[in-house]
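J.: Hey, can you work out the whole structure from these sequences and the hints?
In order, the protein sequence lines correspond to chains A and B.
Okay, so the first sequence: first residue is 0 according to numbering that gives the first Met the number 0, each after it adds one.
Okay, so the second sequence: first residue is 0 according to numbering that gives the first Met the number 0, each after it adds one.
Quick caveat, the hints were computed from the structure, so don't treat them as lab data.
Each hint should be verified, as a subset may be incorrect.
Said to hold, decoys possible - Here are the computed lysine-lysine pairs in the DSS-like style, where the Cα-Cα straight-line distance is at most 25 Å:
hint, chain 1, residue 1, chain 2, residue 2
1, B, K39, A, K39
2, A, K178, A, K82
3, A, K82, B, K320
4, A, K178, A, K248
5, B, K276, B, K82
6, B, K368, A, K320
7, A, K63, B, K82
8, A, K63, A, K82
9, A, K82, A, K320
10, B, K268, A, K368
11, B, K27, B, K301
12, B, K27, A, K63
13, B, K178, B, K27
14, B, K276, B, K255
15, B, K63, B, K27
16, A, K301, A, K273
17, B, K82, B, K63
18, A, K178, A, K276
As the list claims (entries may be wrong) - Now the stretches of chain B that chain A is said to cover, found in silico as 3 or more residues with beta-carbon under 8 Å:
hint, stretch
19, 64-72
20, 84-98
21, 131-138
22, 156-166
23, 362-375
Note that beta-carbon positions come from the ideal geometry of N, C-alpha and C, so glycine has one too.
2 protein chains.
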Amino acid sequence: MMLQCSLCGAAVREDSLLWRCGCGAPFKADFGGIPPMNRKRIRSGEQGMWRYGASLPLERPEEKVSFGEGWTPLVREEWNGMKLFLKLDFACPTGSYKDRGMAYLVSRLRDQGIHEVIEDSSGNAGASMAAYCARAGIRCRVFVPSYTSEGKCVQVASYGAELERVPGTREDTTRAAEKAAETAFYASHNWSPWFAHGIKTFAFELWEQLGFTAPDAVLLPAGQGSLVLGCALAFEELLSSGEIETLPKIFALQPKNCAPLEEAFREGKPIPGKVRKTETIAEGISSAEPVRGREVLEAVRKSGGAVLSFSDREIWDGFVKLARRGYFVEPTSAIVAAAAERLSRDGGVGRRDTVAAVLTGSGLKGSGKILSLFASPPED
Amino acid sequence: MMLQCSLCGAAVREDSLLWRCGCGAPFKADFGGIPPMNRKRIRSGEQGMWRYGASLPLERPEEKVSFGEGWTPLVREEWNGMKLFLKLDFACPTGSYKDRGMAYLVSRLRDQGIHEVIEDSSGNAGASMAAYCARAGIRCRVFVPSYTSEGKCVQVASYGAELERVPGTREDTTRAAEKAAETAFYASHNWSPWFAHGIKTFAFELWEQLGFTAPDAVLLPAGQGSLVLGCALAFEELLSSGEIETLPKIFALQPKNCAPLEEAFREGKPIPGKVRKTETIAEGISSAEPVRGREVLEAVRKSGGAVLSFSDREIWDGFVKLARRGYFVEPTSAIVAAAAERLSRDGGVGRRDTVAAVLTGSGLKGSGKILSLFASPPED
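T.: This is the structure:
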C-alpha cells in the first residue's frame, strides 16, 4: 500500500514506517484501484463497522483487530421543530467514536508487523489505542499531559499501556511523543493516514440507517477534525459510486476558547493560523495546532457547510438539554446540541432538512467534571 | 395484558397497577397466545433488540421508548484453551445491560399511561430508569443508599430524575421506596414482570450471532438474577419453537461476601435464606434478599447449570485479566472472568464447549473505585 503526501504529493511505501512526509505534511492513504462503497459491497454478515470492510483494505482481513465496534444506534429527535438524528457513538467499546479509527489503524499496524507504538492523547484516543493494542498484542506507550485526570489515566493503564505524563500544555505532550518516536513507531491517530478511514464508517452507517440516503447536514465536533475528514471520505465515495447525488453540508464545531479552524474559515484562509487558547469545557476538541487543518477546511468548504464556534456557556446548556432527553455525554460532545440550538433558531439549515449529529464520547468519562459544572456552570 | 403470580398463580389485570401479588410474591407476565421467537419472526429492519419485537408485545409499538439499545458486539476469546464469547452489553446507551430491560419496562409504563414512577437502585438500574423516563416524559424518583458515590448519582441526576438518598443498607433503600410507592407507581425493575423480557433479548442475540445455535453454557453475574431469568425465558422460547434442541447450562455467579442463591443451590433448598452480607467489590450483585430467588434457582437447576461463588480476590484477578485483553468493565462484571478461569482449569464445561459470558457494566462507571483497587487489591 502506498502513502501520498497531502501537500507536496510525494509518494512513499507504507512499510517505510514514515509518519510524515519529508516536507512536514501528513500523508493520505492511496487505496489505488479499490472501488468506492455502494450498497452491493456491504458485508451484512460482518459485525459493526466491518460491514463496510470492502472500503477498509487489509492484507490479512481475517486477523483484523476488532471488538465488534460500530453500527451504533441512530435516534430521532425533534429540536425546535428541526428533524435531528443523533448517532450514539459514545456507545462504542471504549466509550468514544475513536474506536472506529483505532480498529482500522491498529489492524494496519498488525499487518505491518509492528510490535511497539507511541501515541499521544488527552483522553479518548489514548484509551482507545491502549485497548486495541491490548487485543493486538502490541506494546503501547501513551503520552498524556500531566494535568490529565486520574479517572482518564486509570482506563489507559488498566488496558496495560504505559503512561508517560508530560508537564506543560497538550502541545508539549505531542512534542515529547514525537521525540520518543525516534526509537519506536509513532502511531499518532492525527498523523495516521488510516485513522480517518476507520472513522468514515460512521457516515456509511448514517447513509444506510437513513434508508440509503445522505442527510442534508451533519454536525461534528472538531478539534483535529477526524470526524470531518472521515465524513468527507465516506460521502465522496458514495457520490462517486452514484449512491448519493449531493454531499451533505458539514458543520464543524469548535469551542470559542480554542477555534483555529473557525477563525481561518471566517477569514477565508486556507490554513489555520496561531490562536490564543484558553481553558474550555470541550477539552476533547481543544486543539490549537490541527495537523490536518488544511484538509479539514477544504472538506468543509467543498460541502457548502461552515465552521462555527460556541461559548462554554452554550456548550453547557447543550449538555443539560441532551441529558434531560436521556443522553449522558462528555461536555465536549454537547457542542452538537449547542449547534442544533443555533441552527434550528437562526436558520442555517432548511425547515425540512434532515440533520445528523454525532455524540462522540460517554459522560461516564467525565462524571467528576460534570458534577463540578452543575455546581458552578460556565458564565455567559 | 394479564399478570400471574409466580407463587400462588393468582391472575390480575396489568392496569390494576399492583406491583406484587396479595400473597407477597412477584408477578410474571402472561403473554397469552403470542408464539415463541423463531428466526422467521426476527424484524431485521428494526434497530437493536427490537429485531425481536415480536416477543415484546406492546399496545402501541410505534411509541416504544428506545435509544436503539441492544445488538451489542459478541467477541471471541480463548481462555486457557476454552472457547469463550464475550457479549459486550456494557456498550449499551447508559453503560449497562439494564437498558434492555428498561426499554421494555418503560415502554409498557407509557402504554399504561403512567406519568410518575419510583425506582430503587444502587447504580446501573437507576441510571437506566432515569434515562428511559427522560425519553418517555415520565417523572422519575430514584431512591439510592446514602453511601452511593457522587459519580453514580451525577448520571441519574443529569437525566433529570429526582434523587432520594436513604441512610442505612441497600435493603433499607428498598423499604423506603416501597413506602413511597403508596402514592406513586413503584416501577421496581426487580418486581416488574416486564424487565426480564427485555433482558431476554441478549440471549436471542447470542443465538443469532452464533449462527442460530445456543451456546453450551452461559456465565451470568447474579444478584437479583434478572440475567438468569431473561436467559431462561429466551432459550425456553427457542426450545418450544424448535429452534434449539437443548437449553444451555446457566452458571449464575455470586460474590462469596453475599451469596444467598449459591448457598441455597448448594444446600438443595428451593428458596434463598437469610445470609450475612459483607462488603464486596461486586457491589452490583450484592443482593441479600433476591425478590425472585425461587425462580432463579429453578431456572439454573432446570438448565443443568450451577450457582458458583467467588472471592473478591478472584473477581479482581478477573478484572485485571479482562482489562489486559482490552475490556474495561465494572468490577462486578469481572466475576465472569473469575468463572471462566475456574471452569477452564477445573473442568465443569467440556473442552469443545462454546461458552458465552455477558459483560454487564462499563468500567467508566467505577474509575475511582478501580483506581483504589489497583492501589490496594483485595487479599486472598
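J.: Are the hints correct? Go through all of them and say.
T.: For each hint, the structure was consulted:
1. B:K39 - A:K39: holds, 24 Å
2. A:K178 - A:K82: Cα-Cα ~47 Å, so violated.
3. A:K82 - B:K320: Roughly 44 Å separates the two Cα atoms, so the pair is violated.
4. A:K178 - A:K248: Violated. K178 of chain A to K248 of chain A sits at ~38 Å, over the 25 Å cutoff.
5. B:K276 - B:K82: violated, 34 Å
6. B:K368 - A:K320: Violated, at roughly 29 Å.
7. A:K63 - B:K82: Holds, at about 19 Å.
8. A:K63 - A:K82: violated, 37 Å
9. A:K82 - A:K320: holds, 16 Å
10. B:K268 - A:K368: Violated: K268 of chain B and K368 of chain A sit about 48 Å apart, past 25 Å.
11. B:K27 - B:K301: With a Cα-Cα distance of about 18 Å, the restraint between K27 of chain B and K301 of chain B holds, given a limit of 25 Å.
12. B:K27 - A:K63: violated, 44 Å
13. B:K178 - B:K27: holds, 22 Å
14. B:K276 - B:K255: Holds - the C-alpha atoms of K255 of chain B and K276 of chain B are around 9 Å apart, at most 25 Å.
15. B:K63 - B:K27: holds, 21 Å
16. A:K301 - A:K273: Holds - the C-alpha atoms of K273 of chain A and K301 of chain A are around 23 Å apart, at most 25 Å.
17. B:K82 - B:K63: violated, 37 Å
18. A:K178 - A:K276: Measuring from Cα to Cα gives roughly 24 Å; hence the hint holds.
19. 64-72: holds (count 7)
20. 84-98: The restraint on the stretch 84-98 of chain B holds, since 6 of its residues have a Cβ under 8 Å from chain A and three suffice.
21. 131-138: Coverage by chain A holds for the stretch 131-138 of chain B (3 residues, Cβ < 8 Å).
22. 156-166: Our answer is that it holds, as 4 residues pass the Cβ test (under 8 Å) against chain A, meeting three.
23. 362-375: holds (count 8)
Hints 2, 3, 4, 5, 6, 8, 10, 12, 17 from the earlier list are contradicted by this structure; the remaining hints agree with it.
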